[in-house]
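2 protein chains.
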Amino acid sequence: MTFDDKLRSAIGKNNSLLCVGLDTDVSRLPEGVNAASFNRAIIDATRDIVCAYKPNLAFYEARGIEGLRVLEETLAYVPSGIPVIGDAKRGDIGNTATFYARALFETLGFDAATVNPYLGFDSVEPFIRYVDRGIFLLCRTSNRSARDFQDLVVDGRPLFEHVAHKAMEWNTNNNIGLVVGATYPEELGRIRRLCPSTPLLIPGIGSQGGDVEAVVRHGTDETGAGILVNVSRAVLYASGCSDFAAAARGVACDLRDEINRRRANRRGT
Amino acid sequence: MTFDDKLRSAIGKNNSLLCVGLDTDVSRLPEGVNAASFNRAIIDATRDIVCAYKPNLAFYEARGIEGLRVLEETLAYVPSGIPVIGDAKRGDIGNTATFYARALFETLGFDAATVNPYLGFDSVEPFIRYVDRGIFLLCRTSNRSARDFQDLVVDGRPLFEHVAHKAMEWNTNNNIGLVVGATYPEELGRIRRLCPSTPLLIPGIGSQGGDVEAVVRHGTDETGAGILVNVSRAVLYASGCSDFAAAARGVACDLRDEINRRRANRRGT
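Chains as they are written, first to last, in our numbering: chain Z, 959 to 1227; chain G, 959 to 1227.
This list has only true hints and no planted wrong ones.
If you want the footprint, here are the derived chain Z segments under chain G, 3+ residues with CB under 8 Å:
(1) 1015 to 1021
(2) 1102 to 1109
(3) 1118 to 1129
Just a sample of chain Z residues kept apart from chain G, beta carbon distances all over 10 Å, derived:
(4) 994
(5) 1148
(6) 1212
(7) 1219
Some chain G residues close to chain Z (C-beta under 8 Å, calculated; not the full set):
(8) 1017
(9) 1061
(10) 1099
(11) 1103
No wet-lab data here; the hints were simulated from the structure. Just so you know, even glycine gets a beta-carbon here, dropped at the ideal spot from N, CA and C.
The whole structure should be built from the sequences, with the hints applied where relevant.
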């Protein structure tokens, strides 16, 4: 089963384009709850309303071996039908990229991973070689400084469009998607027009201020899907108290439903 | 003590601009030698002839918790006077980058780290905030596909020159260097002219085919220094047998001496 098949199946089963980012910051957990049990509770509270989970490796690496243990436990706990995206943003020369791909796809067993494009094709190839896994290449990121380099104009078009173009050229195994921030809806629209059927992983909703209506309007493909809307902090820390899991479910449910409502409106127009 | 002070001190003491990359691939170790004892032997064999070590995290991450344990043991084994650069090439939005910086500088305790520029200033700032640590921003990498994006022309200059320019603008804590591949000596020269006093971390000598004479000619600053020439595979796997440490020392010694000879010639001209 490819990543795409697994993702489509989860989207269908849970009627959801919502991805929950497991960016678990131990300094923000409710009293008496450790990272592993926090993640388990978040998964239990959202497993029927998400299409994917996306742990960001930085939050686990900051805690060394203990963090890596929590990450492994969390991955083992995700229901087998829900794909898990390793948000690692790796990028290195080919020989090294082979080891990063092994770390993410074999050692940790992610279904997909985020990859940085700056080093070009031979840094991406070791990942796409895993035909049953997916990669999401950073294209236009959600942060303010994204414009420092990603917007620089090359031959009349911003750099991020060149990345999108190359991603399509490289996509012979049909397993490349793009990361595009919700905080830049116009850029999202440009990328969708350039890549009509490429899956887009869209962070930036919630704490970062992106707007669901704009994301659905600019990001969805012609089937009304083709996007994974990621939310992390707004779901994980919806409540800082013992009701955190129920609160997380509430926020996640509202987001899933809002996304679906906007999709229905869009199909209606 | 800043990273720069520590590096200068090691350069002086060992009369060396050579950095040994600890990219330890367990499939290439001599029979009966494990990764931790291999690294210890390499360090013992080279500690008086290098100015820095540079473990590449991919090789450790590929082995999960066991790999991380080897990395920690290796870091603890490096003599305190020799700086260690974490070759991680991380890059993420500010909130996440804070956790990557913590992972590399606090949890693992590296003296410096490599960082990917694609996400712009707010992805770099959490690293440079550690004023006693160094960062090396990827500028022109050593791999073949570096040209896919790094050479794209923006306002008459390749993208990598814009990265070099921004790095200088951001360098208010005086702790930013650049990664420039030995395999592109002309580009190295352009970057040195743009950034006369920026430390350059230069991979690509050895297995990747870069040339020491060209690196010294194009890369050194006006004091005849300002470069860290990194070699990994050519040193680590100089022999696949039980004499690996002596063979590694031989190759490392020859490289250190060749770099110094080229520096002397250059000063003589």
